[in-house]
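Protein chains in written order, with the working numbering: chain A, 1 to 381; chain B, 1 to 102.
Be a bit skeptical, because a hint or two may be false.
[What the hints assert, rightly or not] With a Cα cut of at most 20 Å, we get these calculated SDA-like pairs of lysine to any residue:
1. A:K55 - B:S84
2. A:K5 - B:G87
3. A:K18 - A:K5
4. A:K5 - B:T43
5. A:K54 - B:D86
6. A:K18 - B:R58
7. A:K5 - B:D93
8. A:K5 - B:P61
9. A:K18 - B:S60
10. A:K5 - B:S84
11. A:K18 - B:D93
12. A:K55 - B:P61
13. A:K158 - A:A216
14. A:K54 - B:P61
15. A:K5 - B:S60
16. A:K18 - B:L57
17. A:K18 - B:P61
Since the hints were made in silico from the structure, they are not lab data.
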Amino acid sequence: MKLWKCCTGYVIIDIMGKYPERLVNRCIEEGMILFDCERREGAVRACVSADDFKKLRRIIRGSECRVRLVSKKGRIRAAGALKRNAAFVTALSVAALAMILASTRIWAVRVDTVTVPEEEITEALSELGAGIGALRRSIKTSELTRVLNADTRIANAKVKLTGVVLSVRIDGTDEMPEAKSNEGAANVYADKDCVITYISVTEGRAMVKKGQAVRAGDILISGDLSDIKEGYWVYAEGVVYGETVYRASFTAEPFEERLVRSGTFQRTIAFSVFGQELFKGRPFPSQELELLRETRLTCSIIPIVVREYAAWELVPELTPDAPEGTEERARLSAQEKLDRILPKDAKIIAVSTKCKADPDGSVTATVTVTTVEKIGISRSF
Amino acid sequence: MKNNNKTEGGGRKAGAAKKGGRRLASIGLPADSDCRLPCITVTGDSYVRVEHHCGVLRFSPGCVRLYSRLGIIRIEGEGLAASSMDGDELLLDGRVSSVSFE
Chain A
1 MKLWKCCTGY VIIDIMGKYP ERLVNRCIEE GMILFDCERR EGAVRACVSA
51 DDFKKLRRII RGSECRVRLV SKKGRIRAAG ALKRNAAFVT ALSVAALAMI
101 LASTRIWAVR VDTVTVPEEE ITEALSELGA GIGALRRSIK TSELTRVLNA
151 DTRIANAKVK LTGVVLSVRI DGTDEMPEAK SNEGAANVYA DKDCVITYIS
201 VTEGRAMVKK GQAVRAGDIL ISGDLSDIKE GYWVYAEGVV YGETVYRASF
251 TAEPFEERLV RSGTFQRTIA FSVFGQELFK GRPFPSQELE LLRETRLTCS
301 IIPIVVREYA AWELVPELTP DAPEGTEERA RLSAQEKLDR ILPKDAKIIA
351 VSTKCKADPD GSVTATVTVT TVEKIGISRS F
Chain B
1 MKNNNKTEGG GRKAGAAKKG GRRLASIGLP ADSDCRLPCI TVTGDSYVRV
51 EHHCGVLRFS PGCVRLYSRL GIIRIEGEGL AASSMDGDEL LLDGRVSSVS
101 FE
């Protein structure tokens, strides 16, 4: 309520005179709302809304009271202050306009690079129309990234526009390492065929870029820096992630091997004590038991149950399978095959399965898994 | 707190209002369904809401006297102040000690 009063604006008045209550009653009769009324010495102090205050002049006439304006509160006070300071309002408007206009342009360019000189990057950005003062909406960070990555000295460039600041980060161009002996120098090689998704060089020089396809054994980060200065070899280090595709296929025949009864059976006896069954012997390696008779031994203290079974011999036989079943078997077998070759630390990003039916009824399932994994391995050269 | 409802000297209007209240009671309707009668709600000893009053007779921090159809309502207490006042309703803040009809 207080907040609403402040928003709409109100005035604090003192009603002085012979019978201030009479004026209060007249105000109420006129539909005015008075709030926070309290008696002061010789006066009634009350608050009225700004609109109601205008009505007061008419109501006072004829009454033997005077009304004194104590203070203005809320919106009207702020509006009054602004009315008196037209110059201030104008200056405020101009400043706001200037801020809005200034926010449409680039104010600062921050370049985070070590080997490639900062001036060179800034100059390149200015030539591309992304210097200080350029319009923010004309900046296309993807385009700038593409152009910067085209430079052979840059392995990975990141361009980011945050507010009015354009930030550029150049990766893979670390500062010149200290001269080391050839001993202990190493390269980072790819240990499988993949497409590079991320490369960050700690030491050495990046030989590949993001998006580039590499084969197993290709050099990813070179420790040989002798072209910069003779005798520079380092132990190349860095983190390289690549997208690798794994594929496995399995062909399932339209027949399924199932165990069926051969027609031969033998009688066998089992003793059951406390739910545990003890068989006298196992007639066949694969068998199916059929209960023939059950006898409970009443003379014994321990509850023993004697069961007589018919043990049917089971032999493997090929039985035709439905196409859906064949497809399911092929898919599961292909998946099992793939699980054996997939590295445990690989992050799977896509899985697809394709099934193809052959004219003879067999089904070939191919499961393709795309992973992202660390592919760099350091090895001495 | 005392709540005295004095019946003496209510005047013609007050008598009519009282009769009206009794008639409503005789046909099983609550007395507050007659919008001419004042309705006084006291919450604890801090708030008093007076509905259907007919104006302010006297207003001071120790005593507030209001016109109504049943006569003059007298509210006594300490630091009484009207937090809201319009043609039909009056909200009083402060420490209320008694509400009575004169």
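**Asked** Which numbered conditions among the earlier hints are violated in the structure presented, ordered from lowest to highest?
**Response** Failing hints, ascending: 3, 4, 8, 11, 12, 13, 14, 15.
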